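Engineer: Quick note on numbering: numbering that gives the first Met the number 0 labels position 3 of the sequence shown as 2, and the sequence is numbered without any gaps.
It cannot be assumed that every hint is accurate.
Pairwise CB distance ranges (calculated) [unchecked claim]:
| # | residue 1 | residue 2 | range |
| --- | --- | --- | --- |
| 1 | Leu18 | Arg84 | 50 to 60 angstroms |
| 2 | Asp29 | Leu76 | 43 to 53 angstroms |
| 3 | Asp35 | Gln70 | 45 to 55 angstroms |
| 4 | Leu76 | Ser5 | 53 to 63 angstroms |
| 5 | Asp29 | His75 | 43 to 53 angstroms |
| 6 | Ala79 | Glu46 | 47 to 57 angstroms |
Don't read these hints as lab results, they were simulated from the structure.
Here the structure is a predicted model, which is why all the values come from computation and not from measurement.
Heads up, the beta-carbon is just placed ideally off N, CA and C, and yes, glycines get one too.
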Amino acid sequence: MNPKCSKAYYRSALALIALERYDEALDCCDRCLRFDKENKAVQATREKAAKLKEAKERKERERQERIRQEQLKQEHLRAAYKVIRSYHIPR
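Please build the complete structure, drawing on both the sequences and the hints.
Structural biologist: And the structure:
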């Protein structure tokens, strides 16, 4: 209703953080801070959202790296198995 209601942006940002929708929470904070630059609660909420977003992205990068390492390990095992099979002497 009121596009300059700091409390609405603040509460929206908190709800979005709880839902792990950090980009949207940051957007709410940024919109609020455009017209209410000194709002300490929104500034703190923005910092929290940014930290949580970074932590989530770091965990995802680590997870992707573990998957990549496991795939590489499987490829090496398959290659080694092929080499072993090529040296198999029939009886």
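Engineer: The structure should be examined with respect to each hint, and the outcome stated for every one.
Structural biologist: A quick look at each hint next to the structure:
Checking the proposed 50 to 60 angstroms range against Leu18 and Arg84 shows it holds: the Cβ atoms sit about 51 angstroms from each other. In this structure, Asp29 and Leu76 meet the distance hint of 43 to 53 angstroms, their C-beta atoms being roughly 48 angstroms apart. Between Asp35 and Gln70 the beta carbon distance is about 48 angstroms. The supplied range of 45 to 55 angstroms therefore holds. About 58 angstroms separates the C-beta atoms of Leu76 and Ser5, a value consistent with the hinted range of 53 to 63 angstroms.
Between Asp29 and His75 the Cβ separation comes to about 46 angstroms, which falls inside the hinted range of 43 to 53 angstroms. A beta carbon spacing of about 49 angstroms between Ala79 and Glu46 agrees with the range 47 to 57 angstroms that was offered as a hint.
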